[in-house]
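What follows is the residue order along each chain.
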Amino acid sequence: MEAIKKVRGRAVVVPGDEIDTDRIVPARYLKAITFDGLGEALFYDERYDETGNPKDHPLNRPERQGASIMVVGAGFGSGSSREHAPQAIKRAGFKAIIGESFAEIFFGNATQIGLVCVTLDPEDLGVLAEWVEAHPEGEVEVDLEAREVRFGGRVAPLAIREAAREALVSGRWDPLAELMEAMDEIKKLDAARPGPGKRGGYRGLA
Amino acid sequence: MAGKTLYEKVWDAHEVRRLASGQSQLFIDLHLIHEVTSPQAFGMLRELGLEVAMPHRTFATVDHIVPTDARDEPFADPLAQAMIEELRKNTREHGIELFDVGSGKQGIVHVVGPEQGLTQPGFTIVCGDSHTSTHGAFGAIAFGIGTTQVRDVLATQTVAMPRLKVRRINVNGELKPGVSAKDVILHIIRTLGVKGGQGYAYEYGGAVIDGMTMEERMTVCNMSIEGGARIGYVNPDETTFAFLKGRPYAPVEDEWEEAVAHWRGLASDPDAEYDDVVEIDGSQIAPYVTWGINPGQAISVEESVPDPAGMPAEEAALVTEALEYMKLRPGQPIKGQKIDVAFVGSCTNGRLSDLREAARVVQAAGGRVAAGVRALVVPGSEQVARQAEAEGLDQIFRDAGFEWRYAGCSMCLAMNPDKLVADEISISSSNRNFKGRQGSPQGRTLLASPAMVAAAALAGEVVDVREVLGVKV
Ligand code: SF4
Chain A
1 MEAIKKVRGR AVVVPGDEID TDRIVPARYL KAITFDGLGE ALFYDERYDE TGNPKDHPLN
61 RPERQGASIM VVGAGFGSGS SREHAPQAIK RAGFKAIIGE SFAEIFFGNA TQIGLVCVTL
121 DPEDLGVLAE WVEAHPEGEV EVDLEAREVR FGGRVAPLAI REAAREALVS GRWDPLAELM
181 EAMDEIKKLD AARPGPGKRG GYRGLA
Chain B
1 MAGKTLYEKV WDAHEVRRLA SGQSQLFIDL HLIHEVTSPQ AFGMLRELGL EVAMPHRTFA
61 TVDHIVPTDA RDEPFADPLA QAMIEELRKN TREHGIELFD VGSGKQGIVH VVGPEQGLTQ
121 PGFTIVCGDS HTSTHGAFGA IAFGIGTTQV RDVLATQTVA MPRLKVRRIN VNGELKPGVS
181 AKDVILHIIR TLGVKGGQGY AYEYGGAVID GMTMEERMTV CNMSIEGGAR IGYVNPDETT
241 FAFLKGRPYA PVEDEWEEAV AHWRGLASDP DAEYDDVVEI DGSQIAPYVT WGINPGQAIS
301 VEESVPDPAG MPAEEAALVT EALEYMKLRP GQPIKGQKID VAFVGSCTNG RLSDLREAAR
361 VVQAAGGRVA AGVRALVVPG SEQVARQAEA EGLDQIFRDA GFEWRYAGCS MCLAMNPDKL
421 VADEISISSS NRNFKGRQGS PQGRTLLASP AMVAAAALAG EVVDVREVLG VKV
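Top line first, the protein sequences correspond to chains A and B. Going by UniProt numbering, the first sequence opens with residue 1, and the numbers climb by one from there. Going by UniProt numbering, the second sequence opens with residue 1, and the numbers climb by one from there.
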C-alpha cells in the first residue's frame, strides 16, 4: 500500500454544514453490486435537475474540473454508513477533503480507502475557502507529516486523529493485512466466545 | 479503583490487540449483512482470494430493495433482482445463513436480529448500516461499518476501531401520557445536537429508560447515530432477559442461567466513571415533530417552526436553508401543517408495539385516512407482519384506508418502489429527514412517532396525538 504523506492539487469549495451521505450519493445509486461508476453519482441531485441538466454547483464549474481537494464545512458525511459516499468522492478524482469536522463513520470509511480527511479551525478554514474561491488555478497542499495545510504562501495547522494520520503516512490505511496477522488469536476467541445459536459459549463465563 | 462501564468491559473482552495505529483490533461476535452494503465486500474478498473466516457468525437478510406491495420474482426493478440474487449467491457460496423473502424470518436487519435472539448482551455486533446502534438496547456494543470493514469482518471476524468515550444520559422522572420512545430520542438529539455524540458511545439510563420495553429501548438506541453517536446502549436487566428467553438463537435451557448471570455482571458498575453525564427531565418531553432537514431540527407539536430573524448568522443560514427546502413559513405552528403521505414502518418504529400503537390511535380517532393522503403501514419483518395479522391490526389499518404491506425498509429510504413524488410532504415514523431521503429529490419529511403519524394520516395534517387519545395535555 502506498504511503500517503502529502496531497497537492487544485481545490473546490462545497459550501454548507451537515452535508449528509444521502446528499453525497442519493440512495438510488446504491442499487448496484460494485462501486464502479460511482464518481458520476457524486452530489447528483445537487448538480443536476430532474431532466439531467447541470445546475449551478461548484463541481460543475469548468474551472474546477480536475480538482483533487475538496473544501467542506462542519459535520460533513453525517447519516448513513454507506461507503459509497467516500468511494464516489475518490472515484471523482479527489484525494483529500479539508473541513471543519467529519461524521465518524464517514471519516473511518474514507481513511480505510486512502481518502485523506483533515480539519482546520473555522477561521483558517474560512481563509482557505476564500482563497480557493479567488484562485481557481491555485494549488493547495495537505502535508500530513508536517501537519500543515499550505496555500498561497500561507500555512495553517491541520488536525487529524493520530491513528488515522499514522495509518496514512505509514501506508497502513488498509488494515486488512495487519488484522490477518492475528488469525490464531482470533480463532481462540471464536472457540471460547458465545455466539448466536451456539451451545456452550456461556459455560464458565459468569 | 473505580468500576467499569459496560462499554469498557465488553471492549476489553473483545480486544484482540492494539494495532500499530493505536486502534483496537476488535473481535466481532455477530456480523449482520444485507444486500446493499455487502456485495462489494464479497467482491473484494474474491479479488484477494480470501474465504469467509467464520461464516457461523454472519447472518444475512434482505430489506432495503425488496418491494413491499408484491413479492413475486423477478421484481419489476431488474437492479433489485440482481442485488437479491447476488446476496443469495454470496451467502450460499460461503455457507452464511440467509433469512430470505418468504422464509418467515426476513425483515429489516435491525428488527430481525433481536427478534431471532441473534442479538445478545455483551456481544460486539457490526453491520454495514449505521442503525446497527439499535442492537445496543440489549447491552451489546453495536455499530455501523463501511463496506471495506465488512470485508475485514468477513475475512478476519475483526475490525480496526478507535475506542470511544462514554456519555451517560439519564432520562429521569416519568413520561407524560401520549409521549413515546421516539419523542424521547428526538428530544435528546435536539438537546445535544446532531454532532453532540461524535467520539462518544451513549449509555442510556434513568427511570424512564429502566421502565421502557425492549422495543422502546431499541427505538432510542436506533437513533443514537442521528445524534452523532456511533454506539448507544442500555445496560441489560430483567426486561432484556425476559425478551430474549426462548428466542430461536438465544442460549438454550441448560445454559440459560449461566448466560443470565454473565449478562448481569456486564452492566456498568454503580461507581463506574463516565467521560460525561447528561440529565434529562422525562416529564418535560412532549410529542415531537421535525421541521427541517436533519433530525436535530425537531420541536414539540405545541411549538412553532423557528424564525431565522434575529438568530446569529451561522444558525440563521442553517434554519433558512431548511425552511426553504421544506417550504415552511418561519414562525408557523407545526400543528396544522398539511401532509400528503403517512408512513409507519422502518427499523426505528416498525415493530409490533409500534403497529399496535398506531392502530390504537386509528381506533381512537375513528374515521378514515384523509382524502388525498397516501398512508402506508410497512411491518419491520415477516414475523411482525404475522403477529400483527393474528391480532387483526392489518384489518384495522385496511378498514381505515391504509395500505398494508410486506416487510422491508420501504419508504424509509425509498430504494424500492415506495417513494415520494415531486415535493410531496410526508409524516414518517422513520429516522432521517434528509433532503431527498424518501425517494424524490424535492421530497419533504416530518419525523414523528407511529402514533403521531397515524393521527396525522386521519386528519390530513399534523395534530397532537394527545388530543386524539383524550389524554390531558
Ligand atoms: S429501515 Fe431505514 S434506516 Fe433502517 S435499515 Fe432500513 S433503510 Fe436503514
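Careful: at least some of the hints might be erroneous.
Think about it this way: if two alpha-carbon atoms lie no more than 30 Å apart in a straight line, the pair counts; the simulated DSSO-like pairs of lysine-lysine are [to be verified]:
(1) A:Lys5 x B:Lys165
(2) B:Lys176 x A:Lys198
(3) A:Lys198 x B:Lys335
(4) A:Lys95 x A:Lys31
(5) A:Lys187 x B:Lys245
(6) A:Lys188 x B:Lys4
(7) A:Lys90 x B:Lys9
(8) B:Lys4 x A:Lys90
(9) B:Lys419 x A:Lys31
(10) A:Lys187 x B:Lys4
(11) B:Lys327 x A:Lys188
(12) B:Lys419 x A:Lys188
(13) B:Lys105 x A:Lys55
(14) A:Lys188 x B:Lys9
(15) B:Lys327 x A:Lys187
(16) A:Lys198 x B:Lys245
(17) A:Lys31 x B:Lys165
(18) A:Lys198 x A:Lys55
(19) A:Lys31 x B:Lys245
A short, non-exhaustive set of chain B residues, derived as facing chain A with CB atoms under 7 Å [unchecked claim]:
(20) Val16
(21) Gln25
(22) His94
(23) Gly95
(24) Asp129
(25) Ser130
(26) Trp404
(27) Met415
(28) Pro417
(29) Lys419
(30) Asp464
Covered, in the sense of this in silico footprint (three residues per stretch, anywhere, with C-beta under 8 Å from a C-beta of chain B), are these stretches of chain A [stated by the list, open to error]:
(31) 4-12
(32) 56-67
(33) 92-100
(34) 129-142
(35) 148-156
(36) 164-170
For the record, the hints were derived by calculation from the structure and aren't laboratory data. We treat Cβ as the ideally placed atom computed from N, Cα and C, and that holds for glycine.
Now for the hints, and whether the structure bears them out:
Between Lys5 (chain A) and Lys165 (chain B) the alpha-carbon distance is near 29 Å, which keeps this suggested pair within the 30 Å criterion. Between Lys176 (chain B) and Lys198 (chain A) the CA atoms are separated by roughly 42 Å; this puts the pair beyond 30 Å, and the hint is violated. With a C-alpha separation of about 51 Å, the suggested pair Lys198 (chain A) and Lys335 (chain B) falls outside the 30 Å cut-off, and the hint is violated. Taking the CA atoms of Lys95 (chain A) and Lys31 (chain A), the gap is near 25 Å; set against the 30 Å cutoff, the hint holds.
This hinted pair checks out: Lys187 (chain A) and Lys245 (chain B) have alpha carbons roughly 28 Å apart, not beyond 30 Å. At most 30 Å may separate the alpha-carbon atoms for a hinted pair to count; Lys188 (chain A) and Lys4 (chain B) meet this at roughly 25 Å. Of the supplied pair hints, the one linking Lys90 (chain A) and Lys9 (chain B) is violated, its CA atoms being roughly 37 Å apart against a limit of 30 Å. Between Lys4 (chain B) and Lys90 (chain A) the CA atoms are separated by roughly 41 Å; this puts the pair beyond 30 Å, and the hint is violated.
Straight-line distance between C-alpha atoms of Lys419 (chain B) and Lys31 (chain A) comes to about 15 Å, which keeps the hinted pair within the 30 Å bound. Our distance criterion of 30 Å between C-alpha atoms is met by Lys187 (chain A) and Lys4 (chain B), whose separation comes to about 27 Å. Between the alpha carbons of Lys327 (chain B) and Lys188 (chain A) the distance comes to roughly 57 Å, so the proposed pair goes past 30 Å and is violated. Taking the CA atoms of Lys419 (chain B) and Lys188 (chain A), the gap is near 47 Å; set against the 30 Å cutoff, the hint is violated.
Restraint check for Lys105 (chain B) and Lys55 (chain A): the C-alpha separation of about 45 Å exceeds 30 Å, so the hint is violated. At roughly 19 Å between alpha-carbon atoms, Lys188 (chain A) and Lys9 (chain B) fall within 30 Å of each other, so this suggested pair holds. Restraint check for Lys327 (chain B) and Lys187 (chain A): the C-alpha separation of about 56 Å exceeds 30 Å, so the hint is violated. The suggested pairing of Lys198 (chain A) with Lys245 (chain B) holds, with an alpha-carbon distance near 15 Å, which does not exceed 30 Å.
The suggested pairing of Lys31 (chain A) with Lys165 (chain B) is violated, with an alpha-carbon distance near 35 Å, which exceeds 30 Å. For the hint pairing Lys198 (chain A) with Lys55 (chain A), the CA-to-CA distance comes to about 55 Å; that exceeds 30 Å, so the pair is violated. Between Lys31 (chain A) and Lys245 (chain B) the alpha-carbon distance is near 37 Å, which puts this suggested pair outside the 30 Å criterion. Restraint check, Val16 (chain B) versus chain A: the minimum CB separation of about 5 Å is within 7 Å; hint holds.
Annotation: Gln25 (chain B) was flagged as interfacial toward chain A, and the flag holds, the nearest CB pair being 6 Å apart, inside 7 Å. Violation of the interface hint for His94 (chain B) is found here, the shortest Cβ-Cβ separation to chain A being roughly 15 Å, above the 7 Å cut-off. Because the beta carbon of Gly95 (chain B) sits about 14 Å from the nearest beta carbon in chain A, more than 7 Å, this interface hint is broken. Hint on Asp129 (chain B) holds. Least Cβ distance to chain A is approximately 6 Å, under the 7 Å limit.
This hint holds: Ser130 (chain B) has a C-beta 4 Å from the nearest C-beta of chain A, less than the 7 Å allowed. Interface restraint check for Trp404 (chain B): the shortest CB-CB distance to chain A comes to about 24 Å, outside 7 Å, so the restraint is violated. Evaluation of the Met415 (chain B) hint against chain A yields a held restraint, the C-beta minimum of about 5 Å falling below 7 Å. Residue-level restraint check for Pro417 (chain B) is violated (minimum Cβ-Cβ distance to chain A is 11 Å; threshold 7 Å).
Given the 7 Å rule on beta carbons, the hint for Lys419 (chain B) is violated: about 9 Å separates it from the nearest Cβ of chain A. Proximity of Asp464 (chain B) to chain A is violated relative to the hint, the smallest CB-CB distance being about 29 Å (cut-off 7 Å). Counting residues of the region 4-12 of chain A whose CB falls under 8 Å from any CB of chain B gives 0; the rule of at least 3 is not met. With 0 residues having a beta carbon nearer than 8 Å to a beta carbon of chain B, the region 56-67 of chain A misses the requirement of three or more and the stated coverage is violated.
Residues of the region 92-100 of chain A with a Cβ under 8 Å from some Cβ of chain B number 0, which does not satisfy the need for three, so the listed coverage is violated. Counting residues of the region 129-142 of chain A whose CB falls under 8 Å from any CB of chain B gives 0; the rule of at least 3 is not met. Check result for the region 148-156 of chain A against chain B: violated, 0 residues qualifying (beta carbon to beta carbon below 8 Å, three or more required). Beta-carbon proximity to chain B at under 8 Å applies to 4 residues in the region 164-170 of chain A; the threshold of 3 is reached and the given coverage holds.
Comparing the model with each numbered hint stated earlier shows that hints 2, 3, 7, 8, 11, 12, 13, 15, 17, 18, 19, 22, 23, 26, 28, 29, 30, 31, 32, 33, 34 and 35 do not hold.
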